[in-house]
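Participant: Top line first, the protein sequences correspond to chains B and E. In terms of the working numbering, the numbers along the first sequence are unbroken and rise by one, the last being 153. In terms of the working numbering, the numbers along the second sequence are unbroken and rise by one, the last being 158.
Derived by calculation from the structure, the hints in this document are not laboratory data. Be aware that one or more of the hints could be misleading.
Unchecked claim - Here are the in silico distance ranges between beta carbons for each label pair:
no.: 1; chain 1: E; residue 1: ASP9; chain 2: B; residue 2: LYS44; range: 46 to 54 Å
no.: 2; chain 1: B; residue 1: LYS93; chain 2: E; residue 2: VAL73; range: 22 to 30 Å
no.: 3; chain 1: E; residue 1: LYS69; chain 2: B; residue 2: ARG100; range: 28 to 36 Å
no.: 4; chain 1: E; residue 1: LYS128; chain 2: B; residue 2: LYS93; range: 15 to 23 Å
no.: 5; chain 1: B; residue 1: LYS4; chain 2: E; residue 2: ARG18; range: 36 to 44 Å
no.: 6; chain 1: B; residue 1: PRO124; chain 2: E; residue 2: VAL73; range: 43 to 51 Å
no.: 7; chain 1: B; residue 1: ARG100; chain 2: E; residue 2: SER25; range: 45 to 53 Å
no.: 8; chain 1: E; residue 1: GLU57; chain 2: B; residue 2: ILE119; range: 39 to 47 Å
no.: 9; chain 1: E; residue 1: THR17; chain 2: B; residue 2: SER46; range: 18 to 26 Å
no.: 10; chain 1: B; residue 1: ALA43; chain 2: E; residue 2: SER8; range: 46 to 54 Å
no.: 11; chain 1: E; residue 1: LEU82; chain 2: B; residue 2: GLU109; range: 20 to 28 Å
Claimed, not checked - Calculated cross-link-like contacts (lysine to aspartate or glutamate; reagent style DMTMM-like; alpha-carbon spacing at most 25 Å):
no.: 12; chain 1: B; residue 1: LYS69; chain 2: B; residue 2: ASP121
no.: 13; chain 1: B; residue 1: LYS19; chain 2: E; residue 2: GLU57
no.: 14; chain 1: B; residue 1: LYS23; chain 2: E; residue 2: GLU100
no.: 15; chain 1: B; residue 1: LYS20; chain 2: E; residue 2: GLU101
no.: 16; chain 1: B; residue 1: LYS96; chain 2: E; residue 2: GLU104
no.: 17; chain 1: B; residue 1: LYS12; chain 2: E; residue 2: GLU99
no.: 18; chain 1: B; residue 1: LYS20; chain 2: E; residue 2: GLU131
no.: 19; chain 1: B; residue 1: LYS93; chain 2: E; residue 2: GLU100
no.: 20; chain 1: B; residue 1: LYS20; chain 2: E; residue 2: GLU99
no.: 21; chain 1: E; residue 1: LYS71; chain 2: B; residue 2: GLU89
no.: 22; chain 1: B; residue 1: LYS23; chain 2: E; residue 2: GLU131
no.: 23; chain 1: E; residue 1: LYS128; chain 2: B; residue 2: GLU89
To be verified - Here are some chain E residues the structure puts well away from chain B; computed CB gaps all over 12 Å:
no.: 24; residue: MET26
no.: 25; residue: GLU100
no.: 26; residue: ASN107
no.: 27; residue: ARG133
no.: 28; residue: ASN144
no.: 29; residue: THR150
We treat Cβ as the ideally placed atom computed from N, Cα and C, and that holds for glycine.
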Amino acid sequence: MRIKVLAVDDSKTVRIIVKKAFKSFDCDVVEAQNGVEGLALAAKESPDIILLDIAMPVMDGVEMLTKLKSDPSLKSIPVIMLTAEAGRENVMKIAKIGVRDYIVKPFKEEVLVDKVSRIVDLRPAGDSAPVQKRSTIPSTCSWWKTSLPLLIK
Amino acid sequence: MQQTFPISDLELEALATRAVSNVYSMMLQKDPDSVTTNLIEGSDGGGSAMLSVDPSETLIAGSVGFIGKLKGVIYIFMGLSLAEKITANLLGLEPHKIEEEGNETVNDAIGELTNIIAGAFKTDLSNKGCECRMTIPSILRGSNYSIESTRHSPEANF
Chain B
1 MRIKVLAVDD
11 SKTVRIIVKK
21 AFKSFDCDVV
31 EAQNGVEGLA
41 LAAKESPDII
51 LLDIAMPVMD
61 GVEMLTKLKS
71 DPSLKSIPVI
81 MLTAEAGREN
91 VMKIAKIGVR
101 DYIVKPFKEE
111 VLVDKVSRIV
121 DLRPAGDSAP
131 VQKRSTIPST
141 CSWWKTSLPL
151 LIK
Chain E
1 MQQTFPISDL
11 ELEALATRAV
21 SNVYSMMLQK
31 DPDSVTTNLI
41 EGSDGGGSAM
51 LSVDPSETLI
61 AGSVGFIGKL
71 KGVIYIFMGL
81 SLAEKITANL
91 LGLEPHKIEE
101 EGNETVNDAI
111 GELTNIIAGA
121 FKTDLSNKGC
131 ECRMTIPSIL
141 RGSNYSIEST
151 RHSPEANF
């Protein structure tokens, strides 16, 4: 099944980097520039996963996430936050609302693909086998994996 | 009333240098050619940010403001030629393609680069107990200009 990724970021640069990261996978990337567009596209396109920036004009990622999680038809869509800020206050705020994972910018394309492939069955384009989920936690994820449960206590 | 930094100039300089170095190496897969540091005391009513580039070259400054325990604006300055190289590198495009893409693409890339550098800096400040909130980035573009702080605002150039 072809995966649909919704990338919500006000930066065209980031949206291009996200599209580039998934170019070789059986995957469509749809784009929104802010939370308002993101919510509308989430309802229209029913994406398998949302990659969501935090700091955006019009409607920021925290507000969009809050509205998404309060909408019964959208709340089950998994969300990975992309943010330039990794401070404790910031992490606690989004962890409480409900995100599946968190990536601090700048990120490597491989990290993005790895994290998405842990949530959805991402397959190489023209291939029927899903991308192997790694059995060990890469070092880039370890902070999140170990700190999040402590932070949200 | 003059704002004083709640952390020392040396710590501030180290945080700024680390943020720029980390972001450059991660996003551009290279070390910055030169991360030089130079503190300007604003005792005489502020200072101006100086950059050693050809004054006729178009200059791009990405800026991100932050408020909280520490208030201020972070500017990342560079000449247009470097900004185009960075944009090409980020987007995986040939440098000549960037000119075809136009100003908006370069502005967006440098805005995002500034946002990420400021984010890394802010995260380190936060870990030292200086919680702040950031604004979205904006871009200044022009030639032969300087940015000056207001009277009694300390300014640190790195």
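Participant: Going back to the hint list, which numbers does this structure go against?
Facilitator: Numbers 7, 9, 13, 16, 18, 19, 22, 24, 26 and 27 - these are the hints that the structure violates, sorted from lowest upward.
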